[in-house]
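Please construct the entire structure, taking both the sequences and the accompanying hints into account.
Sequences listed follow chains A and B, in order. Start counting the first sequence at 1; every next residue gets the next number (our numbering). Start counting the second sequence at 1; every next residue gets the next number (our numbering).
By construction, these hints were calculated from the structure, which means they are not laboratory data. Values in this document were obtained by computation on a predicted structure and should not be read as measured data. All C-beta atoms in this analysis are idealised placements derived from N, C-alpha and C, irrespective of residue type, glycine included. Among the clues, some could well be false.
The following label-pair restraints were derived from C-beta to C-beta distances [what the hints assert, rightly or not]:
1. A/Ser63 / B/Arg21: 38 to 46 Å
2. A/Pro30 / B/Gly33: 24 to 32 Å
3. B/Val3 / A/Arg89: 45 to 53 Å
4. B/Leu111 / A/Arg22: 28 to 36 Å
5. B/Ala91 / A/Val59: 21 to 29 Å
6. B/Thr5 / A/Ser92: 53 to 61 Å
7. A/Thr51 / B/Asp43: 22 to 30 Å
8. B/Ala123 / A/Ala78: 27 to 35 Å
9. B/Ser47 / A/Thr26: 15 to 23 Å
10. A/Ala78 / B/Leu111: 15 to 23 Å
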Amino acid sequence: MTGETAPSSFALTTAVDILLVRAAATTVTPQEEMNGTAELNVTYTRPAVGTASVEAHEVGRASSMRVLEFSVSDADGAFAFGRTTYAVRARSAQ
Amino acid sequence: MTVETRFDELVQNWERRPLLRELGITVREIELGRVLLAMERNDTNVSGVRDSINGGVQATYAEVAAHIAIGTLLDDGGRISGTQDVSVSYAYSATSMWTMAEARVLRHGRLTVVDVDVRVGDAGDDEGRLNAKARVTCSLARTPR
Chain A
1 MTGETAPSSF ALTTAVDILL VRAAATTVTP QEEMNGTAEL NVTYTRPAVG
51 TASVEAHEVG RASSMRVLEF SVSDADGAFA FGRTTYAVRA RSAQ
Chain B
1 MTVETRFDEL VQNWERRPLL RELGITVREI ELGRVLLAME RNDTNVSGVR
51 DSINGGVQAT YAEVAAHIAI GTLLDDGGRI SGTQDVSVSY AYSATSMWTM
101 AEARVLRHGR LTVVDVDVRV GDAGDDEGRL NAKARVTCSL ARTPR
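Structure, rendered in C-alpha cells:
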C-alpha cells in the first residue's frame, strides 16, 4: 500500500481484511471453503507513513473457523495489531 | 452558525470524499452524537463470499459512521486525531439489497467510544436485521489556534 500521504485507517481497515482473507485461504484444505469474516479486531498505535505491509499467522483452527493474529508495519516498524476469525465450511458436493 | 448549518457542512464534507463516493455511502439522518448511513451495493463494495459486501468494507463503513457521529460533537478546534481501535462481529453475509449503519457515541472524551449497528434488508423490509456489530474508539485532539 503506497501513497504520497499517509494511508487513512479507513483504507487500512479494508486492506487488512482483504489481505487476511488471502492469508486465511492458504490454511483451508481442498475439502473446505472460506465462508466469510466472522470477527475483526484491529488496534492502531499511530498513523501509517508510506508503504504498509501486513504479516499474519494462524494461531488457532477448528473445523468451522480459522483464527489469525496480525501486525501492520511501515518503515518505522509495527503500528497496528489485531486478530481476526474467518468462518470455514465443508465444500458442498457439486 | 446554527447546529443545522454545521451538520449540513459536515455531511457535505463527508459525502464528497472519494472513499464514500466509491463505496456508495450517503448520510440519511444526523443529530448530536448519532448518524444513520446508507450504502448501495456496487462493484467496489461487493467482493465477499456469496456476492456479499466485503467484511473489511463493512468495518470501514462502521469506522466512517463512527467518525461522522463524533464529528457532530466536536467544537471549534476539536478534531479526530485517529482511530485507535475497531472491533467488528459479523452475524451474517451482507447479501441483502440495502445496508445501513447507525452509529451512537457512547463516551465523548479524549478517547471517544462509538457503538455501530450495521443492518441489512431487502425491498419492503423497513427494519431489516442486525448484520454486524462494531465498536470504534477514536482519539481526539485540539488544533492549536
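Quick rundown of the hints versus the structure:
Taking the beta carbon of each, A/Ser63 and B/Arg21 are about 41 Å apart, inside 38 to 46 Å as hinted. For the hinted restraint 24 to 32 Å between A/Pro30 and B/Gly33, the CB-CB distance of approximately 50 Å leaves it violated. Between B/Val3 and A/Arg89 the C-beta distance comes to about 49 Å, which sits within the given range of 45 to 53 Å. Distance hint check for B/Leu111 and A/Arg22: the Cβ-Cβ separation is about 32 Å, which falls inside the suggested range of 28 to 36 Å.
Checked against the given bound of 21 to 29 Å, the beta carbons of B/Ala91 and A/Val59, roughly 23 Å apart, stay inside it. For the pair B/Thr5 and A/Ser92, the supplied restraint of 53 to 61 Å holds, since their beta-carbon distance comes to about 55 Å. At about 26 Å, the CB distance of A/Thr51 to B/Asp43 agrees with the hint of 22 to 30 Å. Checked against the hint of 27 to 35 Å, the pair B/Ala123 and A/Ala78 fails, with Cβ atoms roughly 45 Å apart.
In this structure the hint that B/Ser47 and A/Thr26 lie 15 to 23 Å apart at CB holds, the actual value being about 18 Å. Taken as a hint, the range 15 to 23 Å holds for the pair A/Ala78 and B/Leu111, whose Cβ atoms sit roughly 21 Å apart.
Hint check: violations occur at hints 2 and 8; the rest are consistent with the structure.
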